[in-house]
Amino acid sequence: MERRKIEGFFSFLAAVVIMGVACKSPTETGEEKTIPHFNDRGSITAVTDYNSTNYFIYRGEPMGYQYELLNLMADHLGVRLDVVVNNNLDESFSCLMNDECDLLAMNLTVTRERSRIVDFTVPHNQTRQVLIQRKPTDWHYMTPAELDTHMVRSPLDLAGKTVHVQKNSAYASRLINLMDEIGDTIIIKELEVTVEQLITMVAGGEIEMTVGDENVAKVNQTYYENLDIGTAISFTQNMAWAVRKGDYSLRDSINDWLRSFRSTIEYRLLYAKYFQNQRSARIVQSDFYVLTSGRISPYDELIKKYSEEIGWDWRLMASMIYQESRFRHDVESWAGARGLMQLMPGTARRYGVGNIFDPEENIRAGARYIAWLDEILSDRITDREERIKFILASYNVGLGHILDARALARKHGKDPDRWNDNVDYFILNKSNPDYFLDPVVRHGYARGYEPYRYVGEILNRYEHYRNIVIDH
Numbered sequence: 001m002e003r004r005k006i007e008g009f010f011s012f013l014a015a016v017v018i019m020g021v022a023c024k025s026p027t028e029t030g031e032e033k034t035i036p037h038f039n040d041r042g043s044i045t046a047v048t049d050y051n052s053t054n055y056f057i058y059r060g061e062p063m064g065y066q067y068e069l070l071n072l073m074a075d076h077l078g079v080r081l082d083v084v085v086n087n088n089l090d091e092s093f094s095c096l097m098n099d100e101c102d103l104l105a106m107n108l109t110v111t112r113e114r115s116r117i118v119d120f121t122v123p124h125n126q127t128r129q130v131l132i133q134r135k136p137t138d139w140h141y142m143t144p145a146e147l148d149t150h151m152v153r154s155p156l157d158l159a160g161k162t163v164h165v166q167k168n169s170a171y172a173s174r175l176i177n178l179m180d181e182i183g184d185t186i187i188i189k190e191l192e193v194t195v196e197q198l199i200t201m202v203a204g205g206e207i208e209m210t211v212g213d214e215n216v217a218k219v220n221q222t223y224y225e226n227l228d229i230g231t232a233i234s235f236t237q238n239m240a241w242a243v244r245k246g247d248y249s250l251r252d253s254i255n256d257w258l259r260s261f262r263s264t265i266e267y268r269l270l271y272a273k274y275f276q277n278q279r280s281a282r283i284v285q286s287d288f289y290v291l292t293s294g295r296i297s298p299y300d301e302l303i304k305k306y307s308e309e310i311g312w313d314w315r316l317m318a319s320m321i322y323q324e325s326r327f328r329h330d331v332e333s334w335a336g337a338r339g340l341m342q343l344m345p346g347t348a349r350r351y352g353v354g355n356i357f358d359p360e361e362n363i364r365a366g367a368r369y370i371a372w373l374d375e376i377l378s379d380r381i382t383d384r385e386e387r388i389k390f391i392l393a394s395y396n397v398g399l400g401h402i403l404d405a406r407a408l409a410r411k412h413g414k415d416p417d418r419w420n421d422n423v424d425y426f427i428l429n430k431s432n433p434d435y436f437l438d439p440v441v442r443h444g445y446a447r448g449y450e451p452y453r454y455v456g457e458i459l460n461r462y463e464h465y466r467n468i469v470i471d472h
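In the working numbering, the protein residues as written are 1 to 472.
Take these hints with a grain of salt, some might be off.
Claimed, not checked - Only pairs whose alpha carbons sit at most 20 Å apart, straight line, appear in this in silico SDA-like list of lysine to any residue:
1. 161 x 180
2. 189 x 176
3. 135 x 208
4. 411 x 445
The hints are simulated quantities; they were obtained by calculation from the structure and are not laboratory data.
The whole structure should be built from the sequences, with the hints applied where relevant.
Okay, structure coming up:
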């Protein structure tokens with residue numbers, strides 16, 4: 001499985017936090033405690049899936065119920081969050097069992113079969129499974145009673161019907177059990193697609209019906225009015241995260257946080273934001289909801305054009321432009337920086353910009369300035385991925401301050417060619433007189449927190465873009 005990681009920008013906060021989890025001793029419970037990986041390396045690797053509720057990009061920003069829960073959990077535990085994105089359940093469970101990740105952070109239905117191979121956390125919410133059907137074309141003119149005559153309203157009516165579901169999902173298991181309950185055959189077609197893809201297929205007439213969680217079905221019904229979700233096929237079920245079998249310390253640490261967090265107003269607002277918000281339809285139908293449009297901004301084509309000229313991934317430049325201007329072409333900072341890439345007037349003149357607020361002129365000049373920084377730093381920092389961090393920092397605070405931070409790193413025995421835990425420390429402290437008054441510093445004081453945060457946030461957002469946006 002291809003792993004795509006999202007790293008938080010406060011790497012120095014990746015400290016070990018030992019959570020108090022014991023009510024009974026390991027010998028009393030019969031459980032042998034294990035030490036979770038985050039105690040060793042300061043991070044948790046979590047697998048989640050991308051869809052309209054769990055994890056997505058909207059107007060350049062990563063969002064989602066699972067995404068926000070994960071960040072809150074990681075902040076509470078004091079660890080860095082690495083997210084692996086995968087919509088294939090088989091691969092996700094294999095990742096966990098093969099020790100390639102620590103946590104499956106999805107809407108996983110807790111079942112006995114799954115509990116044999118993984119350990120579940122306490123539930124993060126509850127829902128029930130519903131049949132998702134397409135209404136007849138003239139449903140607008142029907143009374144509820146008339147509509148009921150056209151829909152499957154009882155599990156008994158599923159006899160002989162074909163239902164498409166996500167492969168190896170709890171929905172397939174439920175339908176198999178339902179066949180025993182009704183004493184008849186349901187034709188189950190398992191597809192290696194997401195639940196939301198199946199829902200779209202139902203709405204578009206490609207398949208007759210599917211099964212999904214009611215809370216997700218309700219969200220999808222807001223933008224597919226021809227869907228009927230009124231037939232439940234299960235009781236209310238627990239939805240939880242999963243850890244490796246026997247990873248009790250990690251499980252218990254998450255459980256302690258989840259039990260507390262679920263009782264807060266913050267949790268209720270978070271749940272309502274993604275599952276009870278009527279704005280969901282407008283988000284999904286937006287040109288800048290990436291899962292459906294494939295677009296990050298109105299300027300994607302220009303960004304692709306000029307990023308290709310300088311050999312950059314366009315998604316990295318898009319993340320940078322979002323950081324600078326939130327994709328607003330007419331914005332001006334307090335310091336006089338203007339346009340999408342926040343060019344200073346002197347830089348704009350240097351690169352022949354006639355109208356600094358013109359999107360194409362602004363992006364072209366910004367790209368050429370990036371190329372110039374790259375040329376200056378290429379002889380000093382040969383590793384391209386490392387050099388990008390120095391280019392970003394230089395774009396934000398100026399090349400001179402970054403060269404000062406490299407000089408300080410060299411003087412204090414750190415690697416001047418590496419950013420994380422080396423040069424970033426010295427740029428962060430360039431507002432400290434113990435550092436900016438050092439004889440090796442030529443450019444004096446700088447508010448180092450800004451470039452430090454700038455680099456981390458751009459690269460963090462870039463990984464989100466890479467997770468979801470195809471590079472073409």
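Going down the list of hints, with the structure as the test:
For the hint pairing residue 161 with residue 180, the CA-to-CA distance comes to about 15 Å; that is within 20 Å, so the pair holds. Restraint check for residue 189 and residue 176: the C-alpha separation of about 11 Å stays at or below 20 Å, so the hint holds. For the proposed pair residue 135 and residue 208, the alpha carbon gap of about 10 Å is at most 20 Å, so the pair holds. The straight-line distance between the Cα atoms of residue 411 and residue 445 is roughly 18 Å, inside the 20 Å bound, and the hint therefore holds.
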